[in-house]
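Position one of the sequence shown corresponds to residue 1 (the numbering used here), numbered consecutively onward.
Fair warning: there could be bad hints in the mix.
Ranges of calculated distance between the beta carbons of each label pair, as one might list FRET restraints [said to hold, decoys possible]:
1) P33 <-> K55: 25 to 31 Å
2) G46 <-> D75: 16 to 22 Å
3) G56 <-> A30: 14 to 20 Å
Here are the simulated SDA-like cross-link-like pairs (lysine to any residue), alpha carbons at most 25 Å apart as the crow flies [said to hold, decoys possible]:
4) K55 <-> S43
5) K76 <-> G46
6) K76 <-> A32
Just so you know, these hints were derived from the structure itself, not from any lab. Cβ coordinates follow ideal geometry from the N, Cα and C atoms, glycine included.
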Amino acid sequence: MRAPVVYRDYRGRVRLTEFHNNIQSVFGPAMAPTVLRDHVLASLGGITAERAVEKGVGLRDVWWALCSDFDVPRDKW
């Protein structure tokens, strides 16, 4: 498994492609879509990651919520 891409752009925001690359890197290409679609993030108001992105929640916040819920090692946050 390769390390996630570092989050950077000229405004300091996470890009959608980086977000998806990181999710696939951590959860694997088969599991990543399921995690996005089905896992409910209590810390973001009880919505899925997919819905949070649709609502405009910051990708970094969604990523951190997923990392927290799945006990992803801190060095990959």
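Going down the list of hints, with the structure as the test:
Taking 25 to 31 Å as the suggested C-beta distance range, the pair P33 and K55 does not conform, at roughly 18 Å. As the Cβ distance of G46 to D75 is approximately 28 Å, the hint placing it in 16 to 22 Å is violated. A C-beta distance of roughly 28 Å is found between G56 and A30, which places it outside the suggested range of 14 to 20 Å. With a CA separation close to 15 Å, the supplied pair K55 and S43 stays within the 25 Å bound.
A threshold of 25 Å between alpha carbons decides the hint, and for K76 with G46 the separation of about 23 Å falls inside it, so the pair holds. The suggested pairing of K76 with A32 holds, with an alpha-carbon distance near 15 Å, which does not exceed 25 Å.
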